[in-house]
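Protein chains in written order, with full-length UniProt numbering: chain F, 1 to 352; chain A, 1 to 352; chain D, 1 to 352; chain W, 1 to 352.
Hints should not be assumed to be uniformly reliable.
Since the list can't tell identical chains apart, any single copy or any two copies may satisfy a pair.
[Claimed, not checked] When the alpha-carbon atoms are kept at most 30 Å apart in a straight line, the in silico DSSO-like pairs for lysine-lysine are as follows:
1. Lys3 to Lys281
2. Lys289 to Lys343
3. Lys243 to Lys315
4. Lys45 to Lys190
5. Lys315 to Lys298
6. Lys22 to Lys345
7. Lys204 to Lys7
8. Lys343 to Lys228
9. Lys343 to Lys230
10. Lys343 to Lys234
11. Lys315 to Lys289
12. Lys41 to Lys22
13. Lys41 to Lys204
14. Lys230 to Lys185
15. Lys228 to Lys345
16. Lys281 to Lys182
17. Lys315 to Lys228
18. Lys45 to Lys192
19. Lys281 to Lys234
20. Lys234 to Lys190
21. Lys230 to Lys345
Quick caveat, the hints were computed from the structure, so don't treat them as lab data.
There are 4 protein chains.
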Amino acid sequence: MAKVLMKGNEAIGRAAMESGCKYFFGYPITPQNELPEYMSKELPKIGGVFLQAESEVAAINMVYGAAGSGARVMTSSSSPGIALKQEGISYIAGAELPAVIVNIMRGGPGLGGIQPSQADYFMSTRGGANGDYRTPVYAPATIQEAVDMVMEAFDVADYYRTPVMVVADGMIGQMMEPVEFKAPKRRELKEKTWATTGTNGERKPNIINSLFLQPQQLEDHCIRLDAKYKEIEKNEVQYEMYKTEDAEFVFVAYGTTARITKNTVDALREEGIKAGLIRPKTLWPFPFKAFNEIPNAKNIMSVEMSMGQMIEDVKLAVEGRIPVHFYGRTGGMIPTPDAIAEKAKEVLGGAR
Amino acid sequence: MAKVLMKGNEAIGRAAMESGCKYFFGYPITPQNELPEYMSKELPKIGGVFLQAESEVAAINMVYGAAGSGARVMTSSSSPGIALKQEGISYIAGAELPAVIVNIMRGGPGLGGIQPSQADYFMSTRGGANGDYRTPVYAPATIQEAVDMVMEAFDVADYYRTPVMVVADGMIGQMMEPVEFKAPKRRELKEKTWATTGTNGERKPNIINSLFLQPQQLEDHCIRLDAKYKEIEKNEVQYEMYKTEDAEFVFVAYGTTARITKNTVDALREEGIKAGLIRPKTLWPFPFKAFNEIPNAKNIMSVEMSMGQMIEDVKLAVEGRIPVHFYGRTGGMIPTPDAIAEKAKEVLGGAR
Amino acid sequence: MAKVLMKGNEAIGRAAMESGCKYFFGYPITPQNELPEYMSKELPKIGGVFLQAESEVAAINMVYGAAGSGARVMTSSSSPGIALKQEGISYIAGAELPAVIVNIMRGGPGLGGIQPSQADYFMSTRGGANGDYRTPVYAPATIQEAVDMVMEAFDVADYYRTPVMVVADGMIGQMMEPVEFKAPKRRELKEKTWATTGTNGERKPNIINSLFLQPQQLEDHCIRLDAKYKEIEKNEVQYEMYKTEDAEFVFVAYGTTARITKNTVDALREEGIKAGLIRPKTLWPFPFKAFNEIPNAKNIMSVEMSMGQMIEDVKLAVEGRIPVHFYGRTGGMIPTPDAIAEKAKEVLGGAR
Amino acid sequence: MAKVLMKGNEAIGRAAMESGCKYFFGYPITPQNELPEYMSKELPKIGGVFLQAESEVAAINMVYGAAGSGARVMTSSSSPGIALKQEGISYIAGAELPAVIVNIMRGGPGLGGIQPSQADYFMSTRGGANGDYRTPVYAPATIQEAVDMVMEAFDVADYYRTPVMVVADGMIGQMMEPVEFKAPKRRELKEKTWATTGTNGERKPNIINSLFLQPQQLEDHCIRLDAKYKEIEKNEVQYEMYKTEDAEFVFVAYGTTARITKNTVDALREEGIKAGLIRPKTLWPFPFKAFNEIPNAKNIMSVEMSMGQMIEDVKLAVEGRIPVHFYGRTGGMIPTPDAIAEKAKEVLGGAR
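With the rest of the complex left out, here is chain F (with noise of 0.2 Å):
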């Protein structure tokens, strides 16, 4: 297929779609509404459904109930309206049912406001509601990544089933690229065996279910859940490295602000700062590694468009060996790659 330009929501839509997607269920919010929208009009030509619920509750449960007879279902949603869904998120990993769950994140807390924002760190890698389980995390910079990503995000759904997320912000929703949509590397999926899918008389009923009144059962279910989210950190933990061989003043940064922050390392370097950029393209599970990669980096700078909340991860990662600074802007206010410098040399200043 040829590149076409598209922009970000839509495009995110028509992956879901080459992934097989063809069940949609949301409840309209700003910044992402093009992307229900697209769904609204493209789902019914193949065959599939798009519904908007009655609320972001109902969506949920619904994309529930697809993903428990075997479809590929996704759902939408931004900053509140995805902290409304947690509880069926929960619900979803506990079932062990996959489904693709995208959050073009505005600025919060509460209705916040309604410019880019990664203010929902937390809340998408800590697993927002209840209970002992994670969910894969998938933060694209780029319009092609995003795509790539959402497609990737169906096989890892299917494959482990989990709920998947996908983070992007208002920037990469609304902005417009040219987009190829390519098949992901095949996983081995097998066939959907759990799925209530009826029986026909020829076997036993299939049963979806988040409830284990034994506590032995309940632990039993998970320590087993807690096995594949081991599987999922061996394997699925992806991230770019970006002039680190030999940095010295190591950013951590994703998403639009890891696009802005290139910006930063390329300036910095001009002025003979040896700048380089870890890029996480899954939030969960965190690149750890990446900072073993890291050899000359005496300073560590997490860039983020909320208050602080992945530097959390860093100073996990780093463990007290490298001092971690911060730099973010929130609320819809994006960080400029001069300011990010300044705030890299001010450091520097008080480091040397």
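Starting from the known structure of chain F, fit chains A, D and W onto it as the hints suggest.
Same frame as chain F, but now just chains A, D and W:
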């Protein structure tokens, strides 16, 4: 007031009323039903309101409304119910309103089970919903402490204008112990001039809001919130050090798990192993500084009724200086002192 | 108590409180918002509860709950909001609970408009929901009457253990008139021994219920209800006869329309036409017997702010003995005395 | 198509699909669950959508949405569930959209019971919700008739742009009979140029709406609707006359009750009593004119599975010319032919 023998869930309700809480909105879920049941009987007697709402979402939004009018208000639920309330909590945090939310934790994810659990640590301490916010989290280990903490929670909520969580587990909710209701050390609480109490035409209307459409306004708001959270981190952290002065093997545990682990500490000491316990009484702010008071520690072990959540804060505290181990049961399984000791000795066997 | 000048919506609220109503559950809709607004301000002052629910459905079910506990409780809404409450009203009728429901009618169907209307006659008098039940329906024509009827409605609700409707239109809700609050003639009201007020372990729990799975039980229940409705038909019908003794042209009209039609009657009489008016004050039970008191009637005309609904009851009353005509405006259009007179003369022109 | 043996509920579903209905939105309630269950299995096979909504209210609003897009859409429920849908039906009527609503009636009021009933006559024929509107109501007495009526209902809905009800009782829903699916006599159906199908930028957007804020606009709209209802009254009334030519004792009954009453007619005739039956097949429009075709009638008896609702229409038809009697069972009790005959003879005993 003399000591009275009370069930945990009811003592929590009584403590709220002693603090001047006249409003309770909730939705039933095991294992916390004795708390709303108690409130439904007692609140009307003092001219208060108990209301069973249509849903958890409705309940937390009623809390939002009552808090906005300046009233002392509480809700309670258990894990998946609290998950449903996350969006509302984020609104309350964003609108800077005082409210107390009690979570009698059960196993998860999803519906999980109804037995005691501590698997909502992430949801409680990382703000389960969207945006840059935190909520103070109290974790009582006895019913007396539950009472004291609920009473303090109302003051802290008012003082900082923030929702406050009290997280316990079914053990504490169901158990009976003698308790005393004594007023907490009095903070200087300001009049709630911000509350929407009707203007009588004498002032401009107060507005309760979490929406800030201008990014710069929202960022300013988040920075103001962040300053408040830093203040809370400085002033409100609470923890107990149990035999830690000379401890070489330091456990970290809270709530019921801490109670059990104290027995482990005592047993190990009888065997000549210098054990101790750091018990966080506030989960956020986490007692990072407690880890500066264990000069002899050679091993640290996070003991949890979950698959390992608080251990992240422990690692953030320790910064790689000491090995951090983990022992957990989950899904309603309760660790025994012996099993914890066993695990510790296994570590020591390996470490010595 | 002396007369005070009040807006209709507020006077209705005050009347409820004077009747001992301490609980109000509702959801906002034009043109009745002054009523809940008034209750929200006044009820807390007397230790009562005003609650804005999540939805009309939630509100009526809260009324169901409060009524079950024996409290005097009211809700109000306008036409489509009342439609949403129909199922709940049927439950309250089936469970034989007292409650007062105010409908400040607006034009329909659907969202319709926000101007005065009487197009909910069928929904009000034929039980808009499922099953064999009726609700007494009061239709005030002045604010004083609205006050008196609300006060009586609480007594009637308690006496017969039934939901009672008070239907007015936006005219009456918005208009101001001087009113007096005087207790209605006192009925012998029994203690509510059926209410779920807590047993204190001293009696068997009371059960509030509308479910009867055994058909014979349900039929017995319906027969009991029917006997009650017959009792109400016998005792509670109310109407006003205006210049009907010698009337040859008899109008039938209620509420605001009746007020207007009185002017028509007077005007026609000045022109030598012997006009009169039957004004139903209760729509159910309908004043069938009033039609026995118009010996000279040669024509009857139902005047409504709807496309013709009450006319069915008029025809049932008249049983073909006298021609029944119709004049109506709808959608918020208010008939003028002249237009009604015109229509009457048109009929007479044809009939003479 | 040859005859197939089918359960009533399933035959209704199949009939809808044969009519081109591809969308079904509903919420479970006994005794109609076989219908949505059937649709959930069959609709996906033809690229249609079955969706179990969050609530009855959500379901009817999805019907509203699908109807607005020009699709053939159906929902079904039972009595209290239909009560919850009333507001939505009023919106659909106000917005002039075609949709088919099936009510498999159970006893009421409130939750009532789950056995067959006809106690929703008022709710069905008087528009259970707000405003000036009517819905055509089909009342099948056999499964074949249910099939034919559902198929015709879709055409009538499209032709007049109106919601159409099909009301049956649990007897018809649960019973099995051989049925044939033959297309109804074809009406001239216009293209749905009013549907919101996307403009492709080639026309002005269509608007689906039931809100008219200008009273004159709303009145004009109601007058237009009324003209449509008059047209339906003229063209669409359906009834069966059973042995009425010479009948002196005329029963009026519909649905299952009519089936039973036919046996009564035959039995009475064997005893020499000239009995007959008027069977309304449409409840609205009611077959008033059928009452002009019973020249010898001396007594009329409305037989219902309710406490007496249709009897109002019977009285409106008879206008006092002939005595109107009543026999009813309710709450799930089904009248026997003998008991009906008994009641008739009791009347005759008194009348002769």
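So, going through the hints one by one against the coordinates:
no. : hint             : result
1   : Lys3 to Lys281   : within (22 Å within a copy, 57 Å between copies)
2   : Lys289 to Lys343 : both (26 Å within a copy, 28 Å between copies)
3   : Lys243 to Lys315 : both (21 Å within a copy, 29 Å between copies)
4   : Lys45 to Lys190  : both (28 Å within a copy, 23 Å between copies)
5   : Lys315 to Lys298 : both (14 Å within a copy, 21 Å between copies)
6   : Lys22 to Lys345  : neither (50 Å within a copy, 54 Å between copies)
7   : Lys204 to Lys7   : between (46 Å within a copy, 25 Å between copies)
8   : Lys343 to Lys228 : between (40 Å within a copy, 23 Å between copies)
9   : Lys343 to Lys230 : between (36 Å within a copy, 21 Å between copies)
10  : Lys343 to Lys234 : between (34 Å within a copy, 25 Å between copies)
11  : Lys315 to Lys289 : both (13 Å within a copy, 16 Å between copies)
12  : Lys41 to Lys22   : both (12 Å within a copy, 17 Å between copies)
13  : Lys41 to Lys204  : between (38 Å within a copy, 18 Å between copies)
14  : Lys230 to Lys185 : within (21 Å within a copy, 46 Å between copies)
15  : Lys228 to Lys345 : between (42 Å within a copy, 28 Å between copies)
16  : Lys281 to Lys182 : within (18 Å within a copy, 52 Å between copies)
17  : Lys315 to Lys228 : both (25 Å within a copy, 23 Å between copies)
18  : Lys45 to Lys192  : both (25 Å within a copy, 19 Å between copies)
19  : Lys281 to Lys234 : within (15 Å within a copy, 34 Å between copies)
20  : Lys234 to Lys190 : within (20 Å within a copy, 52 Å between copies)
21  : Lys230 to Lys345 : between (38 Å within a copy, 25 Å between copies)
Hint 6 from the earlier list is the only one contradicted by this structure; the remaining hints agree with it.
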